[in-house]
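Peer 1: Letter by letter, the chains look like this.
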Amino acid sequence: MARSQFIYVAYIRTTPEKLWSALTDAEFMKQYWFGNHCESAWTAGSPWKLVAGDGQVLDDGEILEADPPHRLVIQWTQRSRPELTAEGPSRCVMELEPTGGAVKLSITHTVERDPSQLVTAVSGGWPKIVSNLKSLLETGAVALAEAYPVGNAA
Amino acid sequence: MAMPERDDTDLLFKALADPSRRKLLDLLYAHDGRTLGQLCEHLAMTRQGVTQHLGLLEAAHLVVAVRRGREKLHFLNPVPLQEIYERWIAKFEAPRLKALENLKQNLEKDHG
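Protein chains in written order, with the working numbering: chain A, 1 to 154; chain B, 1001 to 1112.
No wet-lab data here; the hints were simulated from the structure. Check before you lean on any hint, since a few could be wrong.
[Claimed, not checked] Label-pair ranges, simulated between beta-carbon atoms: (1) LYS1014(B) to ARG113(A): 34 to 42 Å; (2) PRO98(A) to VAL1066(B): 17 to 25 Å; (3) THR139(A) to GLY1069(B): 21 to 29 Å.
A virtual CB, placed ideally from N, CA and C, is assigned to each residue, including glycine.
Could you put the whole structure together from the sequences, leaning on the hints where they help?
Peer 2: Next comes the structure, spelled out in structure tokens:
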């Protein structure tokens, strides 16, 4: 079966409860997700969407599994670029595992096709989002205020 | 226990300081999710050698291994590299690029 996938991992010095809250709280999310936030009830079967600062829906889908503060599975369809929407739903799994004084956050994003432009597109953003989240939880400040400083300045 | 930040950084740079390990990262960058066997095909070294290199890359969190059935698949994890970028590069990049952009705008204005 052809599939495209990436797995990004960060060890964040926090608790699973705080990390879960950071991943599901819209206001907190805006701080590390470059002004974007998710809207959802965060229970299995509830709708989910990723909304930009100007209200545009970038991605939408459904919560497939929610087991706080351990595991979150989102069915994820891109909505802002037609060629990515055409690839259909992808699957994003977030796993939180306590390891000593830190939490191992694993983000696995999968599309059942290869190659996938969607996986290429989202794989550029996740490392920035995850390391911003890590900095924010560990130090109280984000590392990058803007995802694409040059593009935004132009 | 979680290691102090300094140890993480030491492991990261040690992992990067070897051409075979950088080759492994390049191979995973080109195509993620490979088995040990698939990676060995591209390196002139023993299976044990490749396993040791992958172990150091995993310890530095640059490679993540995931079991799928009987296979163990290796993925490139760029998050530690993003942290290096943010620590030493990102804060210098924005002002410099802004300066170039201002220069371009000023020069073009003169011709306008």
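Peer 1: Any of the earlier hints contradicted here, and which numbers?
Peer 2: 3
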